[in-house]
Structures are given as structure tokens and as C-alpha cells.
Amino acid sequence: MKFIAIAGTSAKKSYNRSLLQFMKKYFEQKAEIEIMDIADVPMFNQSDDQSNTEILQMFNDKITESDGVIIATPEYNHSIPSSLKSLIEWLSFELHPLVGKPVMVLGASRDVQGSSRAQLHLRQILDAPGVDANVMPGYEFLLGNAHKAFDENGDLNSERTIDFLEICFLRFMRFSKISNLLNEEEEFEFNPGDYEVSTLGHGGSLPMKVTFSEKRIETIEIDREGETEGLADVVFTRIPDRIIEGQTLNVDALSGASETSNAVLDGVAKAIKLAGVNPDILKRRPKPPSALKREDEEYTCDVVVVGGGGAGLSAAATALQKGANTIVIEKYPAVGGNTIRSGGPVNAANPEWQSGFEENPGERTTIEGLLATDEKLIHAEYLEDFRALKKEFEAYEEKFKGTKGHLFDSPLLHRMQTYFGGKRTDLNGNDIYGQYDLVKIMTDHALESVKWLEEIGVEYDKSIVFAPVGALWRRGHKPVKSYGTAFILALRDYVEASSGKIITDSPVKEFILEDGEIKGVIATGENGQKITIHAKKVVLASGGFGANTKMLKEYNTYWQEIDDNIRTTNSYAMTGDGILLGQSVGAALTGMGFTQMMPVSDPETGELFSGIQVPPENFVIVNTEGKRFVNEFSGRDVLTKAAIEQGGLFYLIADSEIKKTAANTSEEKLELQVAAGTLFKADTIEALAEKVGMNPESLADTIKKYNSYVDAGFDPEFHKDTFSLKVEKAPFYATPRKPAVHHTMGGLKIDTSTRVLDEKGNPIKNLYAAGEVAGGIHAGNRLGGNALTDIFTFGRIAGRTAVEEM
Amino acid sequence: MKYLAIVGTNADVSTNRMLLQFMQKHFASDVDIELCEIKALPAFYEPEGEEVPETVVELSKKIIDADGVIIATPEYDHAIPAVLKSALEWISYTSQALTDKPVLIVGASHGVLGSSRAQAHLRQILDSPELAARIMPSSEFLLGKSQEAFDYAGKLKYPDKLAELNEVFREFLLFTKITTELLAEKAVIKKDKKYTWQE
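Protein chains in written order, with the UniProt record's numbering: chain F, 1 to 806; chain A, 1 to 199.
For the record, the hints were derived by calculation from the structure and aren't laboratory data.
Mixed in with the good hints, there may be bad ones.
In silico lysine-lysine, BS3-like type, Cα no more than 30 Å apart, as pairs [claimed, not checked]:
#, chain 1, residue 1, chain 2, residue 2
1, A, K62, A, K2
2, F, K553, A, K155
3, F, K62, F, K177
4, F, K509, A, K62
5, F, K530, A, K39
6, A, K39, F, K553
7, F, K641, A, K25
8, A, K39, F, K13
9, F, K691, A, K157
Pulled out of the complex, with its shape left as it was, chain A reads as follows:
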């Protein structure tokens, strides 16, 4: 199994990145997690003709090749950062690589709320027909006070949060498996939905 972990920010220092780095190490025996940065993507624009930026093609390929995607989002102004939104716009406008892909949302914030509003927005965004990801339902991993959350080895210090993360992650492994099985049956049904980009 292989997951792609998207760092939802372009900031040089980010506790969301640290969270994913920790998950990568911590769950190394369960699954291979590759970290993915979105900083290099251009700000979204509607390309003329068929030309798609190389970095977008690469990101799409990584998503397609992964069994599931983990997105860590900070919260900027009660919502996800523009740079993450831009990356999702690229995916939805070009490859739609997230369609039917199992997705786990996590997030960290310096305050106590742990990017809760941004995560809720991200759920709605990923649920739009042109993205249509399979977001793991009824699960939330909100890491508040993230600046003090990691020790110098990059390990998550809060025992309650660690237990929570272990559980959410175990569930996501199961969710990935079940979703993949479910979708194997669905594969033949062709979609007949219309959405903005197609009009």
C-alpha cells in the first residue's frame, strides 16, 4: 500500500508538514507514505488549449498511483489556504485524479482549534462533483497547539492525540481497503453527471 501525503501550505516552516513527517515515520511499518509539496505549482489559471503545467501532471500522476491520499491543511481565515485550493483546482480542471480516491483529512494549528473550520471546508470542496474524492466519513484529526506538539526528534508529544491519530489511521487503512473493493464493482458504471468545468 502506498499513500500520498499532501502538505497543504507553501510556508517554509509548517507544523502540518511536521505532522505528515511524523505520520510517515510512525506508520512506516503499515504503509509507505510519500510527502508531496505543492509550492512549485503555478497559481491556478485556465490554460489555453491542452497545455498543462508539468508540475500539475506530476502531481496528478502521484495521486493516481497512490492507494489513498492524506491532506494536511492549515487554516487561513477560517478556510483552507489559497495555495491548497489552487492545487485542487488544477486537479479538478485537468486530470480529476482525486475522483474516487480515498482521502484522509488532518490538520494542525497553533491555536487550540486545530484547523477545524478549514477541514470542514476541505470536506465540502473535495465532495464537489468535479473532485469527487472518497473522504473518510465521521473522522476528524485536529491537532491544536501544534507548535509545542513535536519534540526535537519530530515525535508527537501529546499522548491523547497520538492515540487518536493511531485510531484514525487504522480506520483509514480499513476505509481504503473497503472503498477500493466497493469501487471495483462500480467501475463499469459510467458517470452521467455534469459539472462546471465541462459546461
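Chain F on its own, in the form it takes in the complex:
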């Protein structure tokens, strides 16, 4: 038999280790005992998973292969040492080698106690779910006065002690033998057939059908209607695939979608039970082979794109169009990045299309206001465009004078709004504005990006010009399919159909550098394996750092305070990895202190798509007292600052007509939210106020005034300049909102061809960046709908430049 012995301390000199060394020697003829040292095991931290490190993998493998484990624990403060506890925590987190493993607990101490209290604690700890060791009962071996117990050869010097140790050890050998029988799998047979079950997923009930033959789970079909597309999509294919592949329920949940993953696992377990088998048998099976695959992988290609969001997939699609062999490497289990979470519309001035729509009341006032800006306040490089825009608008006013015109727009207006929208001053008095050459490229090529996407396979709803929150203008091209999913699915399919390779679950950790030159990237694969990708060119499209609160706080120069518990609308993968990678090769950063908050986020989750989200011309924002406090059509940072001044929390008021303009929801979802108390609904404004906890008269008064402003097309209080609907038709709704981190404007410094620049302004060879990882465009504040314009325009440029410079 083979046992692993662990001395539960990191101390250099330890009587517990001496005791194990004596056992190893003394029982040599009976069993093989290998002593393992825990001094190099890192402190457990659930936020910093190190299960894949060599040392923990070694513990996992050796314990798994052994017939049993012997733990000798010292006693520190009446309990086991933190170093031993840390090891056990690691071995009950992602790795579980101790499950069902026979364990012998013993211990030594200098006092007479012989670690008695620590041993009791250890027994309780080993019994915890997740550890699930099979600890030998009784046979308590306590070595007191340990400093007097050994002779000069390291042997125990008392015959009685040795005799008792031998009794305990022989018992443990027998215990292990019998106990390991429990770990052998029970025989079972499914009652063949189809079984329909239903569990609770993220978006409600999740029906599925599981088919069994006598020995196997054959198919798992999931009705995915209730779940959001994107990541859930991956869950619904990957989890069933893994279950069937390994004929096991020992399948890891996907990070970022654990709720849905577990729902699938629960559903299959239910079906297994219906088919007459104890699901626990399948839970105890090993993980499927692909989850255990740990061999290193190596690839060679022309262009490697780091990040599979909208920017990365556009870069890859363009590189493929130009004939380059391309790999996309993505950290998350699925492509999509932040793009898949976005509201949908992409800004691009297309006067030809927009002139088919009537102007809204107040829109001309917006342009007049913009054009009334004192030229002294405009940076020199934008002046010419500003004057040209004036001329364009003069011609428009000339044409329509006192009559109702069509919706005005042009790339110049888009450019100037992007400029004005991004011009900001931080807390230290530093000014920032969008870099002219980059903003010009983006606004001039926006429409081209929209059309290119159409060729790739994105279908637009051309019946509506959409303006998301903080867009300042109606120039959003809205895809037919909801959310950013439309773009991602089209791009992904295109990349795959063009023989581009997409590797998921693999964060890039470093560049391959040869003589200081970038020659590819090295990533860590799903199971901790090393993935080496040799490439001629590297495009960084890994997103911003909205989910990295530490980094946000470190660079912030714009907000008075960034809360430790700030929510984000971003995917949790947005931790600034690409910025760190760029810095590792000397890339310069720009505008890092400026981040955008999404003012209208779910106060609990940071999500955008809860409640009723409508275009800003239609929503009415009130504070917790039921009073308006801001022009709802303001930029995002103005809304956020105003919200923070009101204490953060505020409400969007809607009526049944306004509700219809919501892009994000269905009646069924809304009713679920009303039931859950995350959305308020009532038949009168007064009743609504009472439900939310506002003064009814004050809310009624606010709405009455607001409606009169819509009629007048003029808001004397907050100067909202674009209106559409009044709040008048029951039922009425209030959606609670709070600002959350949405977009990090700063990032790597790039030129107009997306080459990453160093501190001296020279391009870093073979390195390109596009999307949120790059900075310079949106400066202090990004317009709603401009992120997609940015990523699709610069993503395409990055793909093109990389190939052209090959």
C-alpha cells in the first residue's frame, strides 16, 4: 500500500515531521510512505485561484493516486496551524482529492497534550463537505513531550509508544483497504427512455429532455427560450457535451454563468433519478477527459487577436478577408466580450437614411446650442470642422425655416458631438478632449463599418433611428436581433466559416519576445495548460478595466470617489489585461483617469437590462423624493454626477405607452420583476409613489409639470430639449437605478492605423490595439452608441494594418 504523509506545519524543525519520518522508516516493510512538505503551499485565497499551480497539482495527483493520507498536526492556539488549514482549503476548492480518501490523524507537541485539541478540530474540518475525507475513527495517537520522545537516530525511544503507534497504523491499513471499497463504483443500469424535467435557471424555468440507454446518457436537449443569449448559449452546449463525454456529473460550472451551469447539472441529475439511478454515483465519477487535458498546445499563425469581443472579431474577420491565417484567443468561455452586453445601436451618420425621419421637437435647439459655442473654447484642430458644420446647418434651416424638417445629421455633427461630449476637466484641473485624427477616422468611417457589418450578416431594423442614453443625437443603427448578440453571432460565424480559429477560456499572460520583438503570445488554457501562439502580428482587443476596481481607483482622476463595492455593467473579464500586456513592452497610456459610469444601471447587479429602459427622450428621472433633478437627455457623466449628488439611487418613471418604446424587455419579464420587487407598478401616479416610498403629491406634481413641458416643447426647469411621450396612461412604472462602471475611456496610445505607441510616440513593432483597450478617442466621456462605432471601425483597421505590415 502507498500512503501520503503530511506534516501540518511550515516550520523548519518539527516533531510532527520527525514522527512521520520515524513511521516511514519503521513501517517500511508494511507500506510505502511518502512525506510531503507544505511549506511552499500559498495562502488560500478564493479570489486568486492557484489550483493549477505545480505545487497544488502535485498534492492533488499524489493524494489521488495514494491509498490513504496520514496527517500529523501540531497545535497552535488550540487548533491546527494556518498552513495546514490553507492546504485543506485549496484541496476543497476546485480540486477535491480528499473525497472518500482514508485519512489517519495524529500529532505531536512539546506539552503533554500531544495536539489533542488540534486533532479534534482537524477531524471536524476533514468531515466538511468539499473535503469529504474518510477519517479513521478512534485510535487517537497523541505524542506529548515530543522534545523528549526521540533518540539521536530520530527513533521513538519508548517501546510502549511504538507498540501503540503500530496498532494504530495496522488498523489504518485495514481501514484504508475496506474504506477504499466504498470508492469503487456501484453497478447500475438506467431504465432506457426519454425523461422530461425542469429546473430553475437564471431567467426562470429551464425545461430539458434527457435520453438514456441502459448504460449511457445519450442526449440532453435544453429548451433555451427563457435564457439570454450569449454566455448561456455556451452553457447549454458545453455542459451537456461534457456530461455525455465523461458520462459524469462531475462537471465544472462555467465561470460567469455558474447559476445556469448548475441548473443544467441539477436537471440532468433529476432525470438520472427518474431513470432509476442514484445521481451521486455519477457525481463521484472523474471529470470528463477534455476537462483533464493538460498537455501544452502550440500554434503558428499570421495574426493573433487577443480578445473575442466586437473589436477582436472585426479585426480577425478583416485579417481573414485579407487572406491571413488568424487565431482569436479569448479569456472568457465564450466570445462576445462587452459587445454582447451592449444595448445594440451603433452610431453612424447616414443623412440619406435619417432624412426619411421627421425631426423631434427640441432637436434644432440642440444644434443651435452646440453651434453657439464660443470659438475660443474650441481646440484649433476642430475649428474648421465646426465652421463647416455651421454652414451645413444654415443650409438645412434655410430649407425648412418655420416648417417641420427631417432629422438632420452628418459626419461633421457626429464628430463635433463626440468632441464636445468628450471634452472634460478632471479633479486636478487637467483638460482632456478626443484626439482629432482618431475622432475624424471614427466619424468618417462609421457608416462604412455599419455597411461592412451588413455584408458580414448583421440585419438592421431600418424603421427606427435609435438614440441610447447619453447619445445626444438619433443616429443609432439598431440590429433586428436583440442586444449586441446580433453583431457577435454574425462575426463569430463569419470568422469560423472563413477558417479562423477561436480559442476560448484562455487568458493571455505574456508576449513571446525574441530579441525584444513581439513574436506571438502565451496564454493559460482552460485546464492550466500552456498555450503558445507564434504569430507575425498581435492585435490587442481585450477590452477595458471596468471590472477591476483596484485599477479604477488607482488611475481615477475624475470621480470624487469610486466605491469599493461599485457595480459594473461589464463582463467580469474586463480587468485591464491588455493594458498590462502593453505596458510590459513599454506602451504609453492615455487618458487613464477617465471612466464612464452608466447612470441607469440596476442598483443590485449593475445590469442594464432590468426594469424598463427606454430612449432618454421618453424617460422621466426622479429622485427618491419624487422630484426631477436633471435634464434626462444629458450626457452620461452629467447624469451620474447628478445622481451621486442625490445619493446614487433614483427612478425612471414610465407609463404604458413609454413602456412600448423599451428595447429590452417583454411583459412576462416585467411581471416577474414586479413580483420580485425590483420594479414598481401601479394604476395611478400617487399609488406608484406610495409603493416606492415617495410623497404622492410631489411625484404627481412632477409628472404634471413634465407633461406640460412636453406639450410646450420647452423645459424651463432642467432644459430637457428632446421630448416625445407624456406620462399619462396607466399602468405606471418606476424602475430603480444607480450609476455603475460602464466604460474605461483611457488605454493604450495608438495612431490612426492602430499601431501601439511607446512613450516617445514610436510604434511598437508587431503590436496593434483596438477597442476599449485603446484610449484617446472618447477622452473624458463617451457618447452612447459610440463604443460600437469605435470597435468596429478601429477593429477593422487593426486587422487590415496587421496584414498590410506583414
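Guided by the hints, dock chain A onto chain F, whose structure is given.
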């Protein structure tokens, strides 16, 4: 009065931290509570010579300066997290700053049990002669279902738990006062106990 509130975990997101943050605000008019993180402490080792890591010295000083200590512990494998145990080992091996210090134990867990087993272990650990803290007896604050326990303003939502916490905390204020008075009398008696670290 001043309390030091130790967050018993190194996790980035923790409802135990949220609990202490709530207590800090909620009891602000009664007492000044300073939150203290243990993430930066090295994993415990027996230092050679007199060298003690700076972070440990800082923690000891904060404990000594406080009138009482509140520890919020999660439960990992039926016990306190290794990182909290490590911090206590540092204190007991170096300054023994917790000796005779009034201590209140609280804890939160995602499940319904509220870290009950970890809290019981922590009591036994703090009661060991080399720590010898004055743990408030017969009191327990177990916050189960902690993920849903706080609203977006960080306020504790469960009315029954809030009432319980108010009571436990009032009692702890009194316990701190009485213990301090009691120990003023005891100060002259020198300890003659031996414990592991000293041998």
C-alpha cells in the same frame, strides 16, 4: 471608545466585510469602528531572531490601541479561514496584543448556518492561553443567507437580524466597559502560565 473590526478573509468580495461596513455606519453614533484587513499579512512563519513583519507590528498596534475588537469570520470547511488563523498566530507569537482584549465574534455565510461552526472554533482559539482574549460570552451573531442580506445602500435588510445585532452590540458595549473595569484591578497580578510559544 474605539473598536477595531477585523475582516476575517482575504476574498475580494465578502459579505463578512459588508457586515462590518454596515456595523461601522449603523453604530457610528455609539462608537468609532475602524475596519482592518488581513490580506497583506504574510502567511505565518516562525521568524528568525527578533524580526517581525511590519504589517504584523501595525496590526498589533491597532489592536492595542482599540478598546475592543470585533472579528467577522466566514466558514471554510467547518472552521475559520487559514488567513484569519494565520493572523491570530502572528499576534500570539509576537505581541500577544489580544490578551485581555474584549472581543465580539460575528459571522456571515451564504447558507443558512451563518458560520456557526467557524465561530465556535474561533472562540476556542481565542481562549487559548497564548491569545487569552476576553470573548463576550453567551452571545452569537450568525448571519445566514448573507448574499441577499444587504440592500444596495449596504443596509442590513432582515429586521429580525437587525434587532439581534443591535442587542448584541449594546451588550458588547457594556461588556467592554465592565471588562475594562475588572481588568484594571487585575493589572497587578502577573501571569505565571506557560504556553507553547514560550517553551
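The hints, checked one at a time:
1. A:K62 x A:K2: holds, 10 Å
2. F:K553 x A:K155: holds, 23 Å
3. F:K62 x F:K177: Between K62 of chain F and K177 of chain F the Cα gap is close to 18 Å, so the pair holds against 30 Å.
4. F:K509 x A:K62: violated, 38 Å
5. F:K530 x A:K39: holds, 29 Å
6. A:K39 x F:K553: Judged against 30 Å, a Cα distance of about 18 Å means the pair holds.
7. F:K641 x A:K25: Holds - the C-alpha atoms of K25 of chain A and K641 of chain F are around 23 Å apart, at most 30 Å.
8. A:K39 x F:K13: holds, 27 Å
9. F:K691 x A:K157: Within the cut-off at roughly 17 Å; holds.
Violated hint: 4 only; the structure is consistent with all others.
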